[in-house]
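Participant: Construct the entire structure; sequences and hints are all you get.
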Amino acid sequence: MRRVPILLLGLLAACDAPSPYFAGQPVTRVAVDGSVFDVRIRGDLAESVRISPEYAPRLGPIGGRAALAMEQASGCHVRRLLGDQALQLGQLTCDDDRRQAPVLRPTPQYDCLETPSGVYREDGLEYLDYDCAPY
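Heads up: the sequence shown begins at 22 in the numbering used here, then just goes up one per residue.
The set of hints was computed from the structure by calculation and includes no laboratory data. Accuracy of the hints is not assured; some may be wrong.
[Claimed, not checked] Pair ranges (Cβ atoms, derived): (1) L146 / P41: 33 to 39 Å; (2) L108 / G55: 17 to 23 Å; (3) P41 / D152: 22 to 28 Å; (4) G81 / A44: 18 to 24 Å; (5) L103 / Y148: 15 to 21 Å; (6) R63 / T136: 16 to 22 Å; (7) G145 / A38: 19 to 25 Å; (8) A77 / P41: 25 to 31 Å; (9) D65 / Y148: 19 to 25 Å; (10) P137 / D116: 14 to 20 Å; (11) G81 / G145: 16 to 22 Å; (12) G96 / E147: 24 to 30 Å; (13) P78 / P137: 20 to 26 Å.
None of the values given here were measured: they were computed from a predicted structure. Every residue, glycine too, gets a C-beta built ideally from N, C-alpha and C.
Facilitator: Written out as structure tokens, the structure reads:
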């Protein structure tokens, strides 16, 4: 009987429920380079919850994938990203004409893969390039 509350707490800790601010917002599931995210958008903020199991995840690689998932779900650019390897909050910047029209499917899904060659900016920094397609 003593183990039941501990088991229930463990199950609750493993869920992908949104934070209170994003409760009730529609979810878009996006897969980016092996990571799967549930993305919710409210106003100029986006929240992504990584739901795929990964060995020793770090925010560095996960953050880039989460930002791309937010961009795919919203149609806007992510200006700033906060959070950790499980839950990320992104500040979106977009014009009203860039914002994605409402999706007819209840849960659209995208699959994104990193392209083999990086893209270089004018200042010489390399950033990752992804190829995404809905499925």
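Participant: Evaluate each hint against the coordinates.
Facilitator: Results for each hint:
no. : hint                    : result
1   : L146 / P41: 33 to 39 Å  : 37 Å, holds
2   : L108 / G55: 17 to 23 Å  : 18 Å, holds
3   : P41 / D152: 22 to 28 Å  : 35 Å, violated
4   : G81 / A44: 18 to 24 Å   : 29 Å, violated
5   : L103 / Y148: 15 to 21 Å : 19 Å, holds
6   : R63 / T136: 16 to 22 Å  : 31 Å, violated
7   : G145 / A38: 19 to 25 Å  : 42 Å, violated
8   : A77 / P41: 25 to 31 Å   : 29 Å, holds
9   : D65 / Y148: 19 to 25 Å  : 23 Å, holds
10  : P137 / D116: 14 to 20 Å : 32 Å, violated
11  : G81 / G145: 16 to 22 Å  : 20 Å, holds
12  : G96 / E147: 24 to 30 Å  : 25 Å, holds
13  : P78 / P137: 20 to 26 Å  : 23 Å, holds
Hints 3, 4, 6, 7, 10, counting from the list given before, are not met by this structure.
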